[in-house]
Amino acid sequence: MDIYQHFREEERPFIEQVLSWQSDVDMRFERKESDFLNPREQQIVRAVMGTDPDLKWELYGGPNDPERKRAIIAPEYEEITEQDFSVVLLEATYPDKFVALEHRDVLGAFMSLGIRREKLGDLIVQDGMIHIVVASEISDYIRMNFTGIKKVNVSFQEKPLPSLMKSKEVWQTKDSTLSSLRLDVLVKEIYGVSRKNAAMYVDAGQVKVNFKTVENPSFLLETGDILSVRGKGRSRLDRINGMTKKEKYRVTTSKLN
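Counting in our numbering, the sequence shown runs from 1406 upward without gaps.
Where hints are given, some of them may not hold.
Restricting the straight-line Cα-Cα distance to at most 27 Å, the calculated cross-link-like pairs of lysine-lysine (DSS-like) are [to be verified]:
hint, residue 1, residue 2
1, K1601, K1571
2, K1573, K1502
3, K1556, K1601
4, K1660, K1613
5, K1653, K1593
6, K1524, K1573
7, K1524, K1461
8, K1637, K1524
9, K1593, K1660
10, K1524, K1579
11, K1555, K1579
12, K1601, K1637
13, K1579, K1653
14, K1613, K1593
15, K1555, K1524
16, K1573, K1556
17, K1524, K1556
18, K1660, K1617
19, K1524, K1601
20, K1613, K1579
By construction, these hints were calculated from the structure, which means they are not laboratory data.
Using the sequences and the accompanying hints, generate a full structural model.
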């Protein structure tokens, strides 16, 4: 079976990366741990690894079923536990009575350190507290260098993973019928804008799919894709539930409120 036919052409490099991990573990009998993967990448890992009888694999990024997870691929005879994952929780507090910080503020400050996004897992900002799940190999660097967000001084300290806050964010689910799975059609439906404005957002580079900017309004979405529109928040195509008699798509989407 050709695994590539089930995914987009632009996803080929990541598929090849997973196949390379698989081959290396198989030949060297040494486990491999990935960086943090977004949900679409996790879906690819599941598809590539399948039920390989010679290897074991697991995904983990902390408690509460986080969105971003690391993968470990290991020889069949090894056990993989949550403690095997190189994942650390860092915590900082800020005076929320005097300053308002949002997810994007913290993420922007993190990225300004020159660290790749793949080294960061889930990030929660609420009630005057910041929790970031990071790759353990950069934990010391972050604690030494991540000291300010929007002119607010912060100091990150390592905490036990089980103390990770549970996000208060709520995904609001909606069932819809769509003429197609084009990006501009989904943006129109989810964000309540006109088809013309949806296309304008895409053309202007204000829309991301799976954390990558997409500037093609006709880009076709698939189950599990995560969307974000600048200034309007994140959403997700949860399920494609089949077709109507008029050949329209029945879908379930969610938007983060």
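A quick look at each hint next to the structure:
Proximity of K1601 to K1571 is assessed by CA-CA distance (about 38 Å); at most 27 Å being required, the pair is judged violated. Straight-line distance between C-alpha atoms of K1573 and K1502 comes to about 18 Å, which keeps the hinted pair within the 27 Å bound. At most 27 Å may separate the alpha-carbon atoms for a hinted pair to count; K1556 and K1601 exceed this at roughly 38 Å. Simply put, K1660 and K1613 have alpha-carbon atoms about 14 Å apart, close enough for the 27 Å limit, and the pair holds.
Our distance criterion of 27 Å between C-alpha atoms is met by K1653 and K1593, whose separation comes to about 16 Å. Distance restraint check for K1524 and K1573: the Cα-Cα separation of roughly 23 Å lies within the 27 Å cut-off, and the hinted pair is therefore satisfied. For the suggested pair K1524 and K1461, the alpha carbons sit about 23 Å apart, so the restraint of at most 27 Å is met. Simply put, K1637 and K1524 have alpha-carbon atoms about 25 Å apart, close enough for the 27 Å limit, and the pair holds.
Taking the CA atoms of K1593 and K1660, the gap is near 13 Å; set against the 27 Å cutoff, the hint holds. Of the supplied pair hints, the one linking K1524 and K1579 is violated, its CA atoms being roughly 32 Å apart against a limit of 27 Å. A threshold of 27 Å between alpha carbons decides the hint, and for K1555 with K1579 the separation of about 35 Å lies outside it, so the pair is violated. Between K1601 and K1637, the direct Cα distance comes to roughly 16 Å. Compliance with the 27 Å bound is thereby established for this hinted pair.
Taking the CA atoms of K1579 and K1653, the gap is near 16 Å; set against the 27 Å cutoff, the hint holds. Of the pairs offered as hints, the one joining K1613 and K1593 holds, with about 14 Å between alpha carbons and a cut-off of 27 Å not exceeded. The hinted pair formed by K1555 and K1524 meets the criterion: a straight-line CA distance of about 22 Å does not exceed 27 Å. A C-alpha spacing of about 25 Å is found between K1573 and K1556, which places the hinted pair at or below 27 Å, so the restraint holds.
For the given pair, K1524 sits about 24 Å from K1556 by alpha-carbon distance, which is consistent with the 27 Å threshold. For the hint linking K1660 to K1617, the alpha-carbon distance of about 18 Å falls within 27 Å, and the restraint holds. Restraint check for K1524 and K1601: the C-alpha separation of about 37 Å exceeds 27 Å, so the hint is violated. Distance hint between K1613 and K1579 is fulfilled; the C-alpha atoms sit about 20 Å from each other, no more than 27 Å.
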